[in-house]
Each structure stands twice: as C-alpha cells, then as structure tokens.
Amino acid sequence: MFWQVTFSLLEGFGMTLTIFALTLLFAIPLGLVIAFGSMSRLGIVVHRFAGGAGEAPHSIAIRPISSLCKFIVWVIRGTPLMLQLIVIYYGPGLLGFSLLPRFTAVLVAFVINYACYFSEIFRGGIESIPHGQYEAGQVLGMTRTQTFFHVVLLQVIKRIVPPMGNEIITLVKDTSLARVIAVYELIWNAQAYIKMHGLLWPLLYTAVFYLLFSGLLSLLFGYIERKLDYFKA
Amino acid sequence: MSILEVKDLYKNFGKTQVLRGISFSMQQGEVLSVIGSSGSGKTTLLRCLTSLERADGGSITVGGKVVFDPAAGVNLSKEEARANQLQFGMVFQQFNLFPQYSVLDNVTLASRLHAKERADYRENKKEILAQIEEHAKELLDRVGLLQKAENYPCQLSGGQQQRVAIARALAMKPAILCFDEPTSALDPELTGEVLSVIRSLAAQKTTMIIVTHEMGFARDVSDTVLFMEEGRVAVKGAPDYVFGEGATPRMRSFIGAVTNYG
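Protein chains in written order, with this note's numbering: chain A, 1 to 233; chain B, 234 to 495.
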C-alpha cells in the first residue's frame with residue numbers, strides 16, 4: 001500500500017511541479033512588464049494654477065499605463081487566488097464563451113497572480129537603487145540601456161533574491177489550490193485515498209513532498225545569496 | 234581661446250531660483266574652485282555643466298562649440314550630446330562607484346562599452362581591450378591604488394573609493410574634470426589623500442572645476458576662485474584677491490565660519 005500511495009502522490013507531485021515551473025517561466029517576464037508599466041511616466045501633466053495669491057501652483061499627472069498597471073495589481077493582490085481561479089475557469093461560461101481547459105485556466109490564474117506580486121518586488125528593487133548609480137553611468141557616457149544592464153541590474157537582483165525566495169516558496173504550496181477546479185495535483189491525489197479507502201495518512205504524507213522541495217529551494221536561494229555576497233549594495 | 238565659457242546661466246527648481254545669471258570663462262589647464270555656502274547654487278552649476286540638469290537659460294560654450302543656448306535654438310543631436318557629455322568628467326560627493334565591479338572594472342567599464350561601437354572592434358578586440366586595461370592601470374597607479382585593482386569598492390576606505398572615482402573619470406579623457414564636494418563625505422584623515430591626488434592633477438595641468446568647502450585647499454591649488462552667493466557670482470579672481478581685498482562682507486563671514494569651525 002505504501003508504495004502504491006507513494007507512486008500516486010509522485011504522479012500528483014509531477015503536476016504540482018509542472019504548475020510551479022510554468023508559472024515561474026511566464027510570471028517572471030510578465031512581472032517585469034508590469035513593473036515597468038507601473039513605473040512608466042508616459043502621460044500628461046496638467047498644470048493647475050491656484051487662483052488665490054500666495055497659493056502654490058500644483059500639477060496633476062495623468063499616467064494611463066502606470067494607473068492601469070497599479071489597478072490590476074490592486075485587484076489581483078486584493079482578492080484570493082482561489083477566487084481568481086474560479087473566475088478564470090467558470091467566468092467565460094457565464095458570459096457564453098467556451099471554457100478554458102482546466103490546466104490552462106490554472107496556469108492563466110497563477111501566472112497573472114504571481115506576475116503581480118513579482119512586479120511589486122521588481123519595482124521596489126529597481127526604485128531602491130540610488131540615483132547616483134544612474135548619474136555615474138550618464139557622466140561616463142553610457143546610454144540608459146547600458147546603465148540598466150551593466151550597472152543597475154545585478155544590484156537589483158541582489159536586493160530581490162530574499163523576497164523572491166519567499167514568494168517562490170509560497171508558490172510551491174499555492175499550487176495545491178489547483179484542486180478547486182479539479183486539476184489532479186499532489187493534495188488531490190492524497191485526498192482520493194480518504195474517499196476511496198478511508199485513509200488519512202496519505203494526506204499527511206504530502207507534507208514530506210512539500211518540505212523536501214521547499215527545502216531544496218531554500219538551499220538554492222541561500223546559494224545565490226552567498227554568490228552575490230561579494231559586494232555590498 | 235577659452236575651453237569653457239558660461240554666459241548668463243539660469244536655473245529654477247519650481248519657484249526657487251537657484252542660478253540667477255552665472256557668467257565665467259576658463260582656460261585650458263586652469264583650476265577653478267567654486268566656493269560658497271550651501272544653497273548658493275554651486276552644485277547646481279556643476280550639474281548643469283555636466284548635463285545632469287538642464288539649465289533654463291543662458292549659454293555654455295565648450296572648446297569654441299556652443300553646446301547649450303536655448304534662446305539661439307541650439308539643439309544637440311543625440312550623438313553630439315553624448316560627445317559633449319564626455320567633455321566633462323564628474324567626481325561625486327558620494328563616489329558612486331559600481332559596487333559589483335572590481336576597482337579595475339569600475340575604471341574600464343565605460344571604455345569597454347564605448348569600444349564596442351568602434352568599427353574595428355571585432356578584428357582588434359584583444360588589442361583594444363588590452364589598451365583599455367593598460368590605460369586604466371596607469372590611472373590607478375597615478376592615484377596610488379594599482380595594488381587594489383582586483384578589490385571591490387566595499388573593501389576600500391572612503392578616501393580610496395574617491396581616488397578610484399577620480400581614476401574612473403579620467404579614463405574617459407575629459408576636457409574638464411568636475412568635482413562636486415569630493416571630500417565632504419570623508420573624515421579629515423581621508424580628506425588629505427584625496428586632496429593630494431587632486432593637487433597632483435593640478436600640477437599636470439588638468440583642467441578642473443572643484444566645488445569645495447576646503448578653503449585652504451581652494452586657495453592653495455586654484456588659479457581662480459569663484460565665490461557664489463544666492464545663485465550669482467559674487468567675487469571671482471586669483472585666490473589671493475578673492476580671499477583678501479576682493480572679499481565681500483558676506484564672504485568674510487562665510488570664510489570666518491568655515492575656518493573657525495575647522
């Protein structure tokens with residue numbers, strides 16, 4: 001029985017890892033896009049001059065790209081991932097469209113959700129780099145792109161490794177939400193033993209899989225942090 | 234012909250007038266110190282010259298070429314602006330070294346990136362990079378830090394970091410080297426080593442503009458001293474004149490405060 005359970009859980013764990021890996025693969029670049037969108041200064045500045053004497057003039061900036069990105073981040077971070085899964089899977093049906101395949105719906109929900117969290121980490125990392133680094137690049141005749149890639153980027157990476165590690169380990173466990181739309185991942189397979197055989201221990205056994213994998217990730221992030229320890233930024 | 238000519242430079246930040254018509258010129262090989270109290274516009278002047286800020290009016294002429302004069306409709310192309318950028322070197326108060334690169338890489342990075350734009354880069358890559366490295370090592374030797382070439386900025390003292398920053402600025406062979414309070418972030422002991430590097434550059438006739446609060450040093454090393462007051466040039470001339478008969482009452486009290494404090 002033990003081996004049968006182990007094989008079944010391994011199968012579920014394969015799905016867990018697939019959701020995990022594909023989410024990272026797409027959410028990191030999308031997160032960067034959203035981060036740059038939030039920081040975008042594209043738009044117009046409306047100057048409004050106060051009427052009264054002695055009142056300082058003030059201006060209002062209208063930045064549609066930045067506002068849109070911030071709105072999306074607010075909605076996604078402000079609602080449960082489980083709800084987002086349900087909306088993305090059942091939503092199209094309510095509007096008369098055909099449903100996405102279950103696995104695709106899971107990926108779409110996870111990628112959007114994690115991209116929003118990542119984007120805030122990226123934005124914080126990029127904005128935390130002192131302005132003097134960009135100025136030093138400029139006075140040495142580097143272009144903005146050169147300064148970003150050759151001067152700023154590695155400093156940003158160093159700063160975002162700890163929060164990214166946190167978020168990525170959370171993702172390992174969040175994959176278990178996929179079962180709400182019946183995607184057969186680790187927890188789903190373990191729960192099947194309760195229904196079919198009245199066995200609880202396979203469910204508890206799943207913790208071993210999660211712990212081993214998140215332990216491995218912790219080691220990996222620790223290694224990256226040590227690799228970047230040679231400089232202070 | 235003057236290497237730099239500034240005429241009637243204006244700059245506002247919102248409603249605050251920071252520069253209110255600055256004019257001066259300097260010759261090749263001249264060392265010009267800019268002194269004055271905080272908020273008098275010294276740093277802003279330097280930042281306008283080095284294109285870190287854009288002035289609101291006036292003109293800047295470098296080596297006979299007008300690089301800034303909005304009233305006359307001067308508008309540099311991207312390439313021209315970049316070429317003009319490289320006429321000025323800049324040493325910052327906070328050093329602004331690149332923390333992830335070794336001392337040597339800090340000095341060579343910009344040159345290596347520029348070299349990639351050369352037509353013969355692919356053919357002569359090895360020689361070009363070797364030349365850049367050799368030049369960087371010469372500069373590090375000049376600031377006395379050749380033995381630290383492989384160290385990272387975080388392993389250096391503030392004084393050493395600032396000397397690397399000077400070598401890094403020199404690597405681009407600027408026509409005019411600007412210093413923005415280069416010793417203000419350093420304790421008195423470390424200040425000395427940075428000042429002696431600047432002194433040796435002056436001896437080699439490097440054209441420099443130095444914004445500083447080190448009065449003794451300014452008097453000593455400069456050909457010309459410019460005292461700024463509320464965004465204007467209050468006094469300008471040879472050090473002995475500016476610190477002596479030329480000093481305004483405001484300047485006397487400023488120098489008194491600075492030197493008494495030290």
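Do not rely on the hints blindly, as some may be mistaken.
[Said to hold, decoys possible] Partial selection, computed: residues in chain A whose CB lies under 10 Å from chain B:
{"hint": "1", "residue": "ARG77"}
{"hint": "2", "residue": "GLY91"}
{"hint": "3", "residue": "LYS173"}
{"hint": "4", "residue": "ALA233"}
[Unchecked claim] Only pairs whose alpha carbons sit at most 25 Å apart, straight line, appear in this in silico DSS-like list of lysine-lysine:
{"hint": "5", "chain 1": "B", "residue 1": "LYS359", "chain 2": "B", "residue 2": "LYS406"}
{"hint": "6", "chain 1": "B", "residue 1": "LYS370", "chain 2": "B", "residue 2": "LYS358"}
{"hint": "7", "chain 1": "B", "residue 1": "LYS469", "chain 2": "B", "residue 2": "LYS240"}
{"hint": "8", "chain 1": "B", "residue 1": "LYS298", "chain 2": "B", "residue 2": "LYS469"}
{"hint": "9", "chain 1": "B", "residue 1": "LYS381", "chain 2": "A", "residue 2": "LYS227"}
{"hint": "10", "chain 1": "B", "residue 1": "LYS370", "chain 2": "A", "residue 2": "LYS232"}
{"hint": "11", "chain 1": "A", "residue 1": "LYS232", "chain 2": "B", "residue 2": "LYS381"}
{"hint": "12", "chain 1": "B", "residue 1": "LYS311", "chain 2": "B", "residue 2": "LYS349"}
{"hint": "13", "chain 1": "B", "residue 1": "LYS349", "chain 2": "B", "residue 2": "LYS370"}
Hints were generated in silico from the structure; no laboratory data involved.
Cβ atoms here follow ideal geometry from the backbone N, Cα and C, with glycine treated the same way.
If you check each hint against the structure, which ones fail? 1, 2 and 3
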